[in-house]
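> Each chain, letter by letter, is given below.
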Amino acid sequence: MSILNRKDIKNRMCEKDYSKKLLITPLLSEDQIGPASVDVRLGSSLVVPKKTYIESQDVTESELVQQVERRRYDRIRLKYHTKFVLHPNTLILGVTYEYISLPFNTFCTVASRSSWGRLGLVVATASVVQPGFRGCLTLELVNLSESPIVLYPGLLVGQLVFYDVQAKGSEEITYDGRYDCPTEAGLPQFFVSRESKVLDREMAFWRKGYNYLQENTDKKELSNCIE
Amino acid sequence: MSILNRKDIKNRMCEKDYSKKLLITPLLSEDQIGPASVDVRLGSSLVVPKKTYIESQDVTESELVQQVERRRYDRIRLKYHTKFVLHPNTLILGVTYEYISLPFNTFCTVASRSSWGRLGLVVATASVVQPGFRGCLTLELVNLSESPIVLYPGLLVGQLVFYDVQAKGSEEITYDGRYDCPTEAGLPQFFVSRESKVLDREMAFWRKGYNYLQENTDKKELSNCIE
Amino acid sequence: MSILNRKDIKNRMCEKDYSKKLLITPLLSEDQIGPASVDVRLGSSLVVPKKTYIESQDVTESELVQQVERRRYDRIRLKYHTKFVLHPNTLILGVTYEYISLPFNTFCTVASRSSWGRLGLVVATASVVQPGFRGCLTLELVNLSESPIVLYPGLLVGQLVFYDVQAKGSEEITYDGRYDCPTEAGLPQFFVSRESKVLDREMAFWRKGYNYLQENTDKKELSNCIE
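Protein chains in written order, with the working numbering: chain A, 1 to 227; chain B, 1 to 227; chain C, 1 to 227.
Isolated chain A, as found in the complex (with noise of 0.2 Å):
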């Protein structure tokens, strides 16, 4: 076994050991379960991208970071059955309506489903993901088309597809990812800690050149070379 049919899927969704459970609500209509995945809607949070007069996105400035998350998206909750215009060549997050947790023997890809994707939709293009997330999922959603597209909340747009991942050595797992249990579309997070402001210390050695062994017994030094 290596991708879970829908009885695999379904037996997952059963599990009783709640570390083994494989968790997908709410699930609205046993029809979303398919052959061998799960098809999934896209919720009402949405994360859409200003125009502004920043140059450029540099992920590695810390300052420049925080000015660009206030001045460069905006947030959206849309109502049932109220539509968002999609134009061409244009990028905003999503987030599944659905809440989903993974065992550390499920691994998980999200794709367009087809109609959406002869549309020109591309739902998700970081569309991995780990053992033992836990969360909506955050969508990057991609009108490629000429033509702009019509999202209701609610729309079967994506659909997971699960891969068996062996269960040993799993005790040694633990999601160490810095997108624990979202509820909402998620902007993309490149600190350690966003309460601290510490950038990531890869970021930090690449950009600035900060010793990275150094750096591992002296945090503080760490924060100081940034900005």
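In short, the hints are calculated from the structure, not lab data.
With a Cα cut of at most 27 Å, we get these calculated DSS-like pairs of lysine-lysine:
{"hint": "1", "chain 1": "B", "residue 1": "7", "chain 2": "C", "residue 2": "20"}
{"hint": "2", "chain 1": "A", "residue 1": "7", "chain 2": "B", "residue 2": "21"}
{"hint": "3", "chain 1": "C", "residue 1": "83", "chain 2": "A", "residue 2": "51"}
{"hint": "4", "chain 1": "A", "residue 1": "10", "chain 2": "B", "residue 2": "21"}
{"hint": "5", "chain 1": "C", "residue 1": "79", "chain 2": "C", "residue 2": "50"}
Example chain A residues on the side facing chain B (calculated, C-beta under 8 Å, incomplete):
{"hint": "6", "residue": "3"}
{"hint": "7", "residue": "5"}
{"hint": "8", "residue": "37"}
{"hint": "9", "residue": "85"}
{"hint": "10", "residue": "115"}
{"hint": "11", "residue": "117"}
{"hint": "12", "residue": "145"}
{"hint": "13", "residue": "146"}
Pair by pair, the computed Cβ-Cβ distance ranges are:
{"hint": "14", "chain 1": "C", "residue 1": "11", "chain 2": "A", "residue 2": "148", "range": "42 to 52 Å"}
{"hint": "15", "chain 1": "A", "residue 1": "13", "chain 2": "B", "residue 2": "101", "range": "25 to 35 Å"}
{"hint": "16", "chain 1": "B", "residue 1": "23", "chain 2": "A", "residue 2": "180", "range": "43 to 53 Å"}
{"hint": "17", "chain 1": "B", "residue 1": "11", "chain 2": "C", "residue 2": "87", "range": "40 to 50 Å"}
{"hint": "18", "chain 1": "A", "residue 1": "75", "chain 2": "C", "residue 2": "51", "range": "30 to 40 Å"}
{"hint": "19", "chain 1": "C", "residue 1": "51", "chain 2": "A", "residue 2": "20", "range": "49 to 59 Å"}
Please read all numbers here as calculations on a predicted model, not as lab measurements. By construction, the Cβ of each residue, glycine as well, lies at the ideal position given by its N, Cα and C atoms.
Assemble the complex: chain A is given as a structure, and chains B and C must be docked to it using the hints.
Same frame as chain A, now just chains B and C:
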């Protein structure tokens, strides 16, 4: 086993039990079978969106969708050795030259071959094919580069990767998709049935607030609700 | 097992039998190994398409392809801590900083890391890597957003996901791709051999109607047929 290697692919293609047989035909050269993939050709059927005066593509409006299909797409059949120039930032729909039949223990994804990817050609944005699918695969061809790209029918533009799916539980799986046995580049299909012009009940619900539960017991009302 | 988790990845990296060893080097931080993926860095070699007066990219015309390569691409080597600004709707070719060697029981796909995907950066459109591949991976970097994105060599832009392939039958598999052991961002290669300027026989056939069967017995005629 997860991804099928060359030997696995050949084994499934030689399977005598039709329900387990992987069909990819015509396979003009055995070289198309790679270490863990099968290269596929561009077929001669193309669907090219036209510029129109339609405001936007709202797939929940059945009247509009019918119009859109008449007005918005040109269906082209290319002769062999005839070129099609795909201009920058343009999306067209193509189809594989090969007819595929996936048994219930096999899942498939479609990707660009690397040379074409480097030119800027994307061959599939909805790149997932469900077990049980039969037909030629519709391709979403997009030119992401700044130069026009010349396509000829028969060129090996894409590759298929095959994944093992557990056979157990397959007896309850039937492919229930809307794209059964196509041999031409397919338009998006958001209707349950093209003849009856009944919109997908999902679409209808999220657009017009139709009572989803009720509709399962009263199909007539559904079509009324779309007017 | 289908997707390799952190433990599986480490096990294959520690394999002593070289034919089964997964090599990813240099891996500057163990943090790059996630629950079921490995983050990879942008290398310093870039290929940037230039605007030209060439009408279109017809990969079946060998003369033109040779010209195109001389005129159409700038090859850049970025110093560390030097920025490269990727403008909206622009495609460049990059390369991973890491050199990869995939054993015959391992298949790999390349995806954007989620933060970069949300900014609008696609890192790979031809995202499949065959078992047996050795080299740095060429990345297709596309900015789908409306703001310029700043890149630095060394930034963790992509992630690799590894899939198990049955070892059985591996003895008959050899990687026969055209991209053997590259360490720089690679141009598309549509020729069997660059020196001899012999076009891929597939290409030649579909363009010019060359007799595919004959050509297997008479290689000379192939090159004549392309003129």
